[in-house]
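There are 2 protein chains.
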Amino acid sequence: MSFAVNFADIQSAAKRIADRIHRTPVLRCAHLDALANRQLHFKCENFQRTGSFKFRGACNAVMSLTNDEARNGVVTHSSGNHAQALALAAKMRGITAYVVMPTDSARTKCAAVEGYGGQIIYCEPTLVARETTAREVLDRTRGTFIPPYDHPMVIAGQGTIALELLEQVQSQFHTLDAIIVPLGGGGLISGIAIAARALQPDIRIIGAEPETVCDAAKSKRLGARQPATGAVTIADGLRTALGDLTWPVVRDIVDSVVTVSESEIKSALRLVYERMKLVIEPSSAVGVAAAMGPLRDRKDFQSAGVILCGGNIDLDSLSSLVKASR
Amino acid sequence: MSFAVNFADIQSAAKRIADRIHRTPVLRCAHLDALANRQLHFKCENFQRTGSFKFRGACNAVMSLTNDEARNGVVTHSSGNHAQALALAAKMRGITAYVVMPTDSARTKCAAVEGYGGQIIYCEPTLVARETTAREVLDRTRGTFIPPYDHPMVIAGQGTIALELLEQVQSQFHTLDAIIVPLGGGGLISGIAIAARALQPDIRIIGAEPETVCDAAKSKRLGARQPATGAVTIADGLRTALGDLTWPVVRDIVDSVVTVSESEIKSALRLVYERMKLVIEPSSAVGVAAAMGPLRDRKDFQSAGVILCGGNIDLDSLSSLVKASR
Numbered sequence: 017m018s019f020a021v022n023f024a025d026i027q028s029a030a031k032r033i034a035d036r037i038h039r040t041p042v043l044r045c046a047h048l049d050a051l052a053n054r055q056l057h058f059k060c061e062n063f064q065r066t067g068s069f070k071f072r073g074a075c076n077a078v079m080s081l082t083n084d085e086a087r088n089g090v091v092t093h094s095s096g097n098h099a100q101a102l103a104l105a106a107k108m109r110g111i112t113a114y115v116v117m118p119t120d121s122a123r124t125k126c127a128a129v130e131g132y133g134g135q136i137i138y139c140e141p142t143l144v145a146r147e148t149t150a151r152e153v154l155d156r157t158r159g160t161f162i163p164p165y166d167h168p169m170v171i172a173g174q175g176t177i178a179l180e181l182l183e184q185v186q187s188q189f190h191t192l193d194a195i196i197v198p199l200g201g202g203g204l205i206s207g208i209a210i211a212a213r214a215l216q217p218d219i220r221i222i223g224a225e226p227e228t229v230c231d232a233a234k235s236k237r238l239g240a241r242q243p244a245t246g247a248v249t250i251a252d253g254l255r256t257a258l259g260d261l262t263w264p265v266v267r268d269i270v271d272s273v274v275t276v277s278e279s280e281i282k283s284a285l286r287l288v289y290e291r292m293k294l295v296i297e298p299s300s301a302v303g304v305a306a307a308m309g310p311l312r313d314r315k316d317f318q319s320a321g322v323i324l325c326g327g328n329i330d331l332d333s334l335s336s337l338v339k340a341s342r
Numbered sequence: 017m018s019f020a021v022n023f024a025d026i027q028s029a030a031k032r033i034a035d036r037i038h039r040t041p042v043l044r045c046a047h048l049d050a051l052a053n054r055q056l057h058f059k060c061e062n063f064q065r066t067g068s069f070k071f072r073g074a075c076n077a078v079m080s081l082t083n084d085e086a087r088n089g090v091v092t093h094s095s096g097n098h099a100q101a102l103a104l105a106a107k108m109r110g111i112t113a114y115v116v117m118p119t120d121s122a123r124t125k126c127a128a129v130e131g132y133g134g135q136i137i138y139c140e141p142t143l144v145a146r147e148t149t150a151r152e153v154l155d156r157t158r159g160t161f162i163p164p165y166d167h168p169m170v171i172a173g174q175g176t177i178a179l180e181l182l183e184q185v186q187s188q189f190h191t192l193d194a195i196i197v198p199l200g201g202g203g204l205i206s207g208i209a210i211a212a213r214a215l216q217p218d219i220r221i222i223g224a225e226p227e228t229v230c231d232a233a234k235s236k237r238l239g240a241r242q243p244a245t246g247a248v249t250i251a252d253g254l255r256t257a258l259g260d261l262t263w264p265v266v267r268d269i270v271d272s273v274v275t276v277s278e279s280e281i282k283s284a285l286r287l288v289y290e291r292m293k294l295v296i297e298p299s300s301a302v303g304v305a306a307a308m309g310p311l312r313d314r315k316d317f318q319s320a321g322v323i324l325c326g327g328n329i330d331l332d333s334l335s336s337l338v339k340a341s342r
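Taken in sequence, the protein lines are chains P and X.
The first sequence runs 17 to 342 under the working numbering.
The second sequence runs 17 to 342 under the working numbering.
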């Protein structure tokens, strides 16, 4: 098997970004272990810089650029965590991040991008407008486009999570039989699968998806990549479909993709708040919900890592989602 | 100086409870460092079993009992974190915890005590009723009374936080010049002061108190122990006054006690939620608020530990407190 990224790329990424990222802690919770019927090790990327794992990939991509490539800055279109991540990575490199965002983006997200020094270019809230505007910005600035997931350096950056997680769990004298990963565009699970399989070939890599946007589960089942369902989910980071680089990885070395309902996601959000005292966004709760729901009775693995991929949710939204879970 | 607890007691406590408590992580936050104008190391006792540091002291007290003493169970009166902590510690020992709670206690707190196997005895919501009822329960059960803070084994248990914190910060190749500790009855700060001073005699130990219930600050200033002010604060864990065992420690080896306003506490709650993705209760926010407010310009120490003492707050309450801080 040959993918766009190999283990050596992930090891290089780890060296490249080591001093710029947080080595996030791995936490345990006896109550959630009981509900999931196995030992869980939670990798807290909600504590990562900019509040999500996206900073690893963005940082690796930006730091990999030659000085010539970097000079004119970097460009992306995103209304989510990748925008903030790219803005901070660019700031660290001393270059400009141009972020195309739809006019209906949440004000807090725009403020975060600007807070990290990013330059926002607003566009109409359609995919066509986003792409057209991004192309205009690229032409004007001659910057480098950094997409949110379908990019070798981005995938390699996300893979560094698995290097840390396996090392941290081992240093606690535990072993990991599986890693449960929220799945949207597939950048996170691809990096993790490539890294973890290299270190521990028999490890299970399991994707977790909201059932309303189950394109990856369907793609696996049919053996053919499916487009985004276009449906909505509270786990807004997971609405995207698999990419050209991530689909082969999901097809070939991800063991399975399970789905959870919106109400399971809300219950998991509430449990993590109440029992772990952690703020996570709904996308993170998808992995937790999978561990307690569809994966609870799986006998083919004992312990599992669960990636808490991000924590960017304002308190009002969290409060109303959790209320709705009662 | 001779206090009710010495360093050896705290070392014994650490051994006694090691397998039963969580060794809680120490987290950093660049944004809060900037606001506090120094390096802060947050000790996350909000992740401790039962959601607060109280489990350390309760566990040490319960595990120190002889079999004869333990046989008839343990008794306390508390509507707060000590109740849950004692219930779980007793459950681990296989004995009963009898907890006297006022009839107007929050339903979630009663549920938590019962969830850990504690037996609740309800009483009228007055101090007299609590004490009378506790005495009746003691007479009836012949159990052992374990108060929330003014008890050598409880203080020794809380002191184990300082052993861990200093070791954890050193293992990160940093040093600590001070520890900032929320101050109510003084059990937490007494244990920490005794342990930290033994390991590092020049360390600053600083108490943080809501200005509405500033009996400890006033006691320090006047050199004489003051009664509880009787006022209210959102940091409900800090309303109690100093005890017979904790006052001498606060008087002699706590460097200073600073106070913060209710609005500073709310802002700190919000910042820790938004920037650290942590759920903390208002008492924990008092230490954070002190670091950013009254201690910000202190030149006599550089880095500081901040004890996040607990995380027991329901999402509705957190949400409305944080709304009020805008």
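Be aware that a few hints might be false.
The list treats identical chains as one, so a pair stands whether inside a single copy or across any two.
BS3-like cross-link-like pairs, simulated, lysine-lysine; straight-line CA separation at most 25 Å [what the hints assert, rightly or not]:
1) LYS234 with LYS31
2) LYS31 with LYS315
3) LYS125 with LYS234
4) LYS315 with LYS339
5) LYS315 with LYS234
6) LYS31 with LYS107
7) LYS31 with LYS282
8) LYS107 with LYS234
9) LYS234 with LYS339
10) LYS339 with LYS282
11) LYS315 with LYS107
In case anyone wonders, no lab produced these hints; they're calculated from the structure.
The structure displayed is predicted, hence computed values, not measured ones.
Going down the list of hints, with the structure as the test:
1. Taking identical chains as interchangeable, the C-alpha atoms of LYS234 and LYS31 are never at most 25 Å apart, the minima being 36 Å within one chain and 52 Å between chains.
2. Taking CA atoms no more than 25 Å apart as the test, LYS31 paired with LYS315 passes in neither setting, with 36 Å inside one copy and 36 Å between copies.
3. In this assembly of identical chains, the alpha carbons of LYS125 and LYS234 never lie at most 25 Å apart, being 31 Å within a copy and 44 Å across copies at closest.
4. Within a single copy, LYS315 and LYS339 get their C-alpha atoms no closer than 33 Å, and across copies no closer than 45 Å, so neither meets the 25 Å cut-off.
5. Taking the shortest alpha-carbon separations for LYS315 and LYS234, only the intra-copy value of 23 Å comes in at or below 25 Å, while the best inter-copy value is 61 Å.
6. Taking CA atoms no more than 25 Å apart as the test, LYS31 paired with LYS107 passes inside one copy only; the shortest distance there is 19 Å, against 47 Å between copies.
7. Within a single copy, LYS31 and LYS282 get their C-alpha atoms no closer than 37 Å, and across copies no closer than 40 Å, so neither meets the 25 Å cut-off.
8. For a Cα distance limit of 25 Å, the shortest separation of LYS107 from LYS234 qualifies neither inside one copy, at 39 Å, nor across copies, at 47 Å.
9. Neither within a single protomer nor between protomers do LYS234 and LYS339 lie at most 25 Å apart by alpha-carbon distance, with minima of 31 Å and 42 Å respectively.
10. Taking identical chains as interchangeable, the C-alpha atoms of LYS339 and LYS282 lie at most 25 Å apart whether they share a chain (9 Å) or sit on different chains (22 Å).
11. For the identical chains of this complex, LYS315 and LYS107 are neighbours neither inside a copy (47 Å) nor across copies (30 Å), given an alpha-carbon limit of 25 Å.
Of the hints listed earlier, those the structure fails to meet are numbers 1, 2, 3, 4, 7, 8, 9, 11, in rising order.
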